[in-house]
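Protein chains: 2
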Amino acid sequence: MEPIRIAGGSSTEFGEFPNRTGREMFAEAGQGALEKAGIEPNEVDALYYGNFMGQDAENQGHQGPLMAESIATLDAPATRVESACASAGFAVAEGVKAIRSGSADVALVGGMERMNNLETEETTASLATAADDLYEIREGMTFPGAYALMAEAYFEEFGGSREDLAAIAVKNHENGATNPKAQFQFEITTEKVLDAPMVADPVGLFDACPITDGASAAVLTSESYAEEHGLDAPIAITGSGRGMDNLALQDRPAIAQTKAAEKAADVAYDEAGVGPDDVDLAEVHDCFTIAEVLALEGLGLFEPGEGISAAREGITSADGDLPVNLSGGLKAKGHPVGATGASQVVEMAQLLEGTHPNSDAVPDATVGVTHNAGGTVASVSVHVLEVVA
Amino acid sequence: MEPIRIAGGSSTEFGEFPNRTGREMFAEAGQGALEKAGIEPNEVDALYYGNFMGQDAENQGHQGPLMAESIATLDAPATRVESACASAGFAVAEGVKAIRSGSADVALVGGMERMNNLETEETTASLATAADDLYEIREGMTFPGAYALMAEAYFEEFGGSREDLAAIAVKNHENGATNPKAQFQFEITTEKVLDAPMVADPVGLFDACPITDGASAAVLTSESYAEEHGLDAPIAITGSGRGMDNLALQDRPAIAQTKAAEKAADVAYDEAGVGPDDVDLAEVHDCFTIAEVLALEGLGLFEPGEGISAAREGITSADGDLPVNLSGGLKAKGHPVGATGASQVVEMAQLLEGTHPNSDAVPDATVGVTHNAGGTVASVSVHVLEVVA
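First to last, the sequence lines map onto chains H and E.
Numbering-wise (the working numbering), the first sequence opens with residue 2 and increments by one.
Numbering-wise (the working numbering), the second sequence opens with residue 2 and increments by one.
Treat the hints as calculated values from the structure; they're not laboratory data.
Treat the hints with caution; some may be incorrect.
Since the list can't tell identical chains apart, any single copy or any two copies may satisfy a pair.
Stated by the list, open to error - In silico DMTMM-like cross-links for lysine to aspartate or glutamate, where the CA-CA straight-line distance does not exceed 20 Å:
hint, residue 1, residue 2
1, 260, 76
2, 260, 271
3, 260, 44
4, 37, 106
5, 260, 46
Using the sequences and the accompanying hints, generate a full structural model.
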């Protein structure tokens, strides 16, 4: 398939900004991405925008035209895409598809979430709509509880411990400490993770990502557009896959593996013509520490049962063989749910082109993978990014 | 552009079904469409699904994988698309694009909305998130109020009366009376419309569409797939356009015309290689009677100022020169917001192929147009359907 060039990307600072409106945050990210690309708003042919809980958080649905307006592109169709915490990954995938379909040469893709303006229990209730209301939420399931079940199932099948998981949190905070966009720019210790209040055994407070406000956007173009306009766009999306699983955990034959990620990765690798062995670094959806383990195995980067020790053994740290979540991941960078999938692509492109604060860790990297998951990994978007110019 | 074949379509009955779950309704529509097409669920390559207020109405976001599961297609990526009342029109457009991109040969497109399980004021509040919360809703704007402003602006610029609008409601009820899927299968008189309680002058109760539960789905395929599999799919989508406008009425230079519809129609006509003069019949978004007028003019089927008298003069009635909303329209068929755009395409295909209860009105029709609008026409999807085989 034709590689889709990433001409520019930008994110707001991630953090607690209860007084910033969604439209303001997306305008900053979207306009920033266009400026970096050197592309005027009226050159945009399509806008795909991820958002999960705006109807609850801002009493605002129908955000497609609103966000198009915020970046001055009312001539381009603007479409909101929602797939829970994978909303922006799905928006990126739609932008790729729009260019492949021939209906767009330039697509602006991204997302935004505003979460801290609500009371915490309201935000939690809104997030819960990403699981199955009839068969999970009404029975008392919570997201920390669901990931705790997945962790326990993993431990039972393959072994592993809270110490293994804690190493993931420690690693991602190490990476986030040097990312000026990250919500948590500080390191933490294993002891701090293990001594933190328990949320749902074995998921403690520091095994979970924070509640975050923020927006992120990228400008995608066709090869021919990038070449004709002499764009400085050395990084391309060469593979874009999506995968699905049953919404409710109870309907899955196994919950210590993520079929949706496996399906999405198969498609993305196949399109890119690469395999897990070619991957130099990854940004994965670590909403909880166990989720990073499941992601690494779902992507085929580790065999089942071997992802759990990757961080503790240093394989996935910045100076390891396969750095994972050099951005800080959802754990430290933060997780504005409707923006996360786009921010993974934006930061991966920067890491590969050498413009990210943490690029020094991967000077020779040419292939990166992003993994964005919705709910309890019922929907996944995977993108393969490569240095092509 | 390659025509996209409509291999099958199906809708649930539209009406008040507060005890039917969303997943159950979409399963009926989606499985029905696949059965009519003679296509197995595992042949579906992509699912695009429109829903607007499920996070409020059913406490259920992340409906992509849920709906994929409901029709047994977990191997296909499933993506929720939201553009307020145009959500399903946008889902159809994404399905068209998926096939054109080469990533799908078979796309299931549709939508669902469940609205009557909430209290009416909750449903109204949820619907209001389709307008601009900061600058419209918080100031007291309501949707009937907004369309009343648009009607008043139209009357002031071009003339027109409540009697003209009433003729639209009467016509659409006439059509709905013979549609077994319609929520209102009865006729009404001009007197009944004019004597009904006023909601927001000049919009009376019978100028507004009802609150509806329902689902609709269509199976789209590439030309090559339809031919190779010998499908009975004589109708194709030959043009698919989307258009945007400012979300808030106050930001538009004029509110008696709908720029979003004009933009969407331009793209759709251009792709299809047809013009307004070629159109034999239309299904348009008559959420309020004035909306039908604005739609007809936005589509170029009538000059500005001439759409208002079309129904009263009989031009758009079943036996007129240009039948509009032979299904009964949103007014009589009902308006499950996330499903409406798909149901327009489903019923238009049936009208053109001669299998709709009201097909007798248009025995020689070959070109139909569908028009699905979000909010106060801030987003619009237009599709051109043609008899191609």
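Hints violated by the structure (numbers, ascending): none
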